[in-house]
Amino acid sequence: MAEHECALFECGHRACGGCGPALAARLILKGTGPNTIIVASTGCMEVFSTPYPETAWGVPWIHSLFENAAAVASGVEASIKKQGRDEHVVCICGDGATFDIGMLCISGAFERGHDITYICYDNEAYMNTGIQRSGATPYDADTTTSPAGKCSTGNKRPKKDLPAILAAHGASYVATTSIAYPNDVVKKIERAVNTPGPNYIQIHAPCATGWGFEGADTMAIGRLAVETGLWVNYEMMNGELEKAKKIVNRKPVEEYLKAQKRFRHLFRPEKNVEEIVKIQAIADRNAAKFGIDLNMKKEK
Amino acid sequence: MALNIGCAAAPGRARDNKTGSWRVFKPVFKHETCTKCGLCETVCPEGCVKERADGYFDPDYDYCKGCGLCADECPADDIEMVQEEK
Amino acid sequence: MMEILEGSHAVAEAVRLCRPQVVSAYPITPQTHIVEALASMVADCKLDAEYICVESEFSALSACLGASAAGSRVYSATTSQGLALMFEVCFNVAGMRQPIVMTIANRALGAPLNIWNDQQDSISLRDSGWMQFYAEDNQEATDLHFITYKVAEDHNVLLPAMVCFDGFILTHTYEPVDIPTQEEIDAFLPPFKPYNTLDAKKPMSLGMYATPDYYMEFRYEVDEAMKRAKQAYVQVGKEFAEKFGRDYSGLVEGYRLEDADTAFVAMGSLCGTVKDAIDEMRADGMKVGLLKIRSFRPFPSAEIRKALSGVSRVAVLDKNVSLGQKGAVALEVKDAIYGSGIDVLDYIIALGGRDVRKSDIRVIAGLAEKGIGDQYYGLRTEVL
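Protein chains in written order, with my numbering: chain W, 1 to 300; chain H, 1001 to 1086; chain L, 2001 to 2384.
No wet-lab data here; the hints were simulated from the structure. Glycine is no exception: its CB is placed at the ideal position from the N, C-alpha and C atoms. All the given hints hold, so there is nothing to weed out.
List of simulated lysine-lysine pairs, DSBU-like, C-alpha gap at most 30 angstroms: (1) LYS2046(L) to LYS81(W); (2) LYS258(W) to LYS1026(H); (3) LYS2201(L) to LYS1050(H); (4) LYS2334(L) to LYS2287(L); (5) LYS1018(H) to LYS30(W); (6) LYS30(W) to LYS1036(H).
Computed footprint of chain L on chain W; a stretch qualifies when at least three of its residues, placed anywhere within it, have a C-beta under 8 angstroms from a C-beta of chain L: (7) 58 to 64; (8) 77 to 87; (9) 98 to 108.
Construct the entire structure; sequences and hints are all you get.
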């Protein structure tokens, strides 16, 4: 057995098998490199990677509270600046911490223009506490606090457009990506930490446990999200859209929805055509807004 | 062992937790059709798939949770999930 | 050098001399003058610090935590509602053993909203693991900052600390204050050396979570640090006294207590009023004295027990109340002298900035002698 060199994100962490965020962590560190200070929020990633004394992190890492990673990072950045050091300051937080309870701190940090990169691993709900609805939960998704039932089709609101909000704060580089495209993640992270901040990256990180699919299908589900247009991988620089990943022959949203238990209520006891049409409209709007459609005509 | 104040710890201790014990299925890397593309190493959420000296890849069964992502993603169909004998 | 300074400005001078690398600031009456003065200093290159205008007090302390963990000496100031908003972060900072020093310009907590002085705000955080020192006048408020940074940053202590001084009564009052020179403070307070820190050259994970197998031991460690803080404080106080000629080394301080029948107990600026009242009462033959508590956390139980051992009764002046119970200081003094048989009478006083006069102290002395206590003093019954 080869001599072990401490990896930047070690084996032995307690994530579910096939965990999207765990893969995101590995990809993030590939992009940042070891000269990085991580500021984490409470959440799945923090909990599965740091039960005292077993830490999976091979870079300096700090966790304070659920909602203050951006404020803590502001302080780290100010201190590093004062000391003339050059470590990248990177927040890694879930969607609950980012979209909801952390809005105050994120808004302040971005308004002040700190040189930080804020990465949100988006598994679209408060997963660590058992799958509750967050501002990032997609329309009609079933969660324990937005359950489908006799008089409900699940989450009533569309996903909050946080990238746009932070671009409006004057963020330098804002990008969305997905673990289903690992090289894309690494490239965008690398670009972000080497761009004077503040920068924001939102990583789609499917959660097998929370969304209801097999761990082996994490990448496949992530790809379907992009191929249906419900998730768009794009880049913005100084508020302007630079690039969006184009999709050849975009798939109907049904393919994505029927593969996950959190949308199963849209198919049983019978197909809820009305709701699926609404969700298709969301995808269509995304496609139009970002110009992602590449329709190849089939040769006869 | 004395507590490290500030709820702090140095890197490395996660390896004390051998998550291989979680497995029900285990991936068998056949090295027959493998093209050494490295996708298995990239997609493993544990980071326990490692490149060998000869360029093929192997999982570290001490930590492999048997999630099956490597098998699902392998473009050469070289990895098979088999039920583990306990 | 002697200067006539508003209390806030004296404290700002003290902070400047301590050379914090990062200051986070959010305005709230009556501490705003402190952070304004610091901003001016930064703008005029008199203070070489990163000054962060945070978006709330919650973020103010969070930013301090990040900067402290990355290796900087830091500073912030707050009061009342702002401190209450920091509640969660206060516990977090203490558990993470970051030696952050924060000035608390003591002010009442709402509702109802009130901007004037009492000590409810800092006292309500007595469980948090922060040290708490109370200043009687602006000189003490100034000097306590030098001492507190040194005690907090001691590797045997490593606890955050509040330097408390009464809002408006001290913050907005002009007093002559002796401000040391930068050379003197540099000699007294060396640069901050962090213990566990964020450094890519030596990576550590800070703030991991603790299961039931570990949590209690982490909490116990904070308590042990508080115990060591007592000795550290006394030592640093003595060192300060030697260098600067002003002695704050007592966790408590007696005033005309040696042969007193009735002992008052108080914290902060009230002590000044009580001392003047005692001098008058003594002139009239009343055997009264004061036990000033300077350190509320760590709580100096043994020192209090010793100091009050000869008195007949204790009249505690509480500028706070644990609603549904009594004042916090009285409860803890009672615990300290339990078994002695000495009566402890609690007077809830001066809440929300209500004025206390020497005559009030005399009235309380009379009430105490008759054994009438455990009540609000000076309630305006006509508005009830």
